[in-house]
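Just need the whole structure built from these sequences, with the hints factored in.
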Amino acid sequence: MARVYIEELSKHVGEEVAIRGWVYNKRSSGKIRFIVVRDGTGLLQCVMVKGMIPDDVFNHFDSLTQESSLTVIGKIKKDDRAPGGYEMELSNLQVISIAKEYPITPKEHGVDFLMDHRHLWLRSSRQHAILRIRHQIITAIREFFDNHGFILMDAPIFTPAACEGTSTLFETDYFDLGKAYLTQSGQLYGEAGAIALGKIYVFGPTFRAEKSKTRRHLTEFWMVEPEVAFNDLNDNMELAEEFLEHVVASVLKYRSQELKTLERNTKFLENVKKPLPKISYTEAVDILKKKGISFEWGNDFGGTDETVISEQFDRPVIVHRYPAQVKAFYMKRDPQNEALALAMDVLAPEGYGEIIGGSQREDDYDTLVKRIHEHGLPQSAFEWYLDLRRYGSVPHAGFGLGVERTVGWICGLDHVRETIPFPRMIYRLTP
RNA sequence: UCCACAGUAGCUCAAUGGUAGAGCAUCCGGCUGUUAACCGGAGGGUUGCAGGUUCGAGCCCUGCCUGUGGAGCCA
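Number 59 in my numbering belongs to position 62 of the first sequence; there are no gaps in the numbering.
By construction, these hints were calculated from the structure, which means they are not laboratory data.
Treat the hints with caution; some may be incorrect.
Restricting the straight-line Cα-Cα distance to at most 27 Å, the calculated cross-link-like pairs of lysine-lysine (DSSO-like) are [what the hints assert, rightly or not]:
1. Lys250 with Lys286
2. Lys210 with Lys324
3. Lys97 with Lys8
4. Lys75 with Lys257
5. Lys23 with Lys72
6. Lys28 with Lys75
7. Lys257 with Lys286
8. Lys104 with Lys8
9. Lys271 with Lys250
10. Lys324 with Lys208
11. Lys275 with Lys257
12. Lys208 with Lys271
Spelled out as structure tokens, the structure:
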């Protein structure tokens, strides 16, 4: 007899099959009993009627607890009364393991309790939907870059010093070489890769030791960072919008069922088509002022500022040419206005904030040395990086996309902690 | 680091300063189409911790702990 998965049951109507999984829920009305089984790919309602099957099989029902593992065998039929649309007329049932009293009941729970049981919470339908969409987003990211001639180039996670010199980093002892730090960005290494290979992307985890305590922050998160030799700021923005369009379209195409499970309104997602609106930082400041928000030119946007700006558009908006003073040392200045950096951020709609940050990089050796000193950074730590300007320097640009914020936005979640299987936050290191 | 809010049964929550309760979960019983099934019954409590006010504190006051949201910083 065929052992099949629930998601492929439509191909097995009328056949007797075996499904291996776990008890999601059970209900009884005396002589007729229902077991809802999950197998990781979906839910299947199994029906058994007293007298139609051997009593010992029928009586197994009583011992089943939520999340007990079992094999169910029976004929598949279409039935609109069943969740998922298909139902199994159970003919046999083999218990693999009876679960102890399961902490997560079909009723509501608080976030803290669920986070303490994250390893079990992952079994619920909603978490399935989020993780499948996360998978789709990561698949689409790799697909996009792979199909556009980019080479995946992994950057190290242990680094000798701060990449940008601003964030607080996680520190660890590193044998006789002193301190090592967990990377906060693979970008500088990505630049070396772009000069070596033309166009590359770094895709890996990054770490920030800042005590950020908001719905948009994790201490460990994933970032994808493309870097392209000979690209300028405009090329960079075009790459970003084409990339975002592909990722969102892929989720809409392959994960509509999961978006439905999450009750996601896809209106804004369907709008993610290039070209995206592009405004300068100065224009963004004007928007804030028109909305009556007091904001001084030269500051960086806060969370609420980003929300107000993004609310003016029906799709992600690209903001470019920020004041250089709020941006990193390696960003190239605008030749038209030295006070501006050739930087760009993509703000997601509906208040999800910055999902992409990038820039054209400073490619002039002398200017870059000057910036390193202006930011109070030790030049010795950046000698290898300066080599990229000593030996065949070219204009180049890239950006970083935060995977968890992107998942949160596409899924319509109110907190990034549900976008990654095991979130790491300042007050949570377990499970 | 700062600001605000919260902590009562395994879980989610009630309880004017006056006998700590409900739903779910668990256990027992009933029900031939259930949909977070339903109906009847049972067990389950050091009200986060330490003090204080009061005849009397889950409730008021002080301190601490833990968590949540936000600010700063950022993706």
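Okay, the hints, checked on the actual structure:
Taking the CA atoms of Lys250 and Lys286, the gap is near 39 Å; set against the 27 Å cutoff, the hint is violated. Only pairs whose Cα atoms come within 27 Å are accepted, and Lys210 paired with Lys324 is accepted, the gap being roughly 22 Å. Proximity of Lys97 to Lys8 is assessed by CA-CA distance (about 34 Å); at most 27 Å being required, the pair is judged violated. Under the criterion of a C-alpha separation no larger than 27 Å, the hint pairing Lys75 with Lys257 is consistent with the structure, at around 21 Å.
For the proposed pair Lys23 and Lys72, the alpha carbon gap of about 19 Å is at most 27 Å, so the pair holds. Under the criterion of a C-alpha separation no larger than 27 Å, the hint pairing Lys28 with Lys75 is consistent with the structure, at around 22 Å. In summary, the hint linking Lys257 to Lys286 is not supported, as the alpha carbons are separated by about 38 Å, beyond the 27 Å threshold. Note on Lys104 and Lys8: the hinted pairing is violated, with a Cα-Cα distance of about 33 Å set against a maximum of 27 Å.
Annotation: proposed proximity of Lys271 to Lys250 holds, straight-line Cα distance about 17 Å (limit 27 Å). For the given pair, Lys324 sits about 20 Å from Lys208 by alpha-carbon distance, which is consistent with the 27 Å threshold. Of the supplied pair hints, the one linking Lys275 and Lys257 is violated, its CA atoms being roughly 31 Å apart against a limit of 27 Å. Restraint check: the Cα-Cα separation between Lys208 and Lys271 comes to about 36 Å, which exceeds 27 Å; the hinted pair is violated.
Going through the hint list in order, the structure does not satisfy hints 1, 3, 7, 8, 11 and 12.
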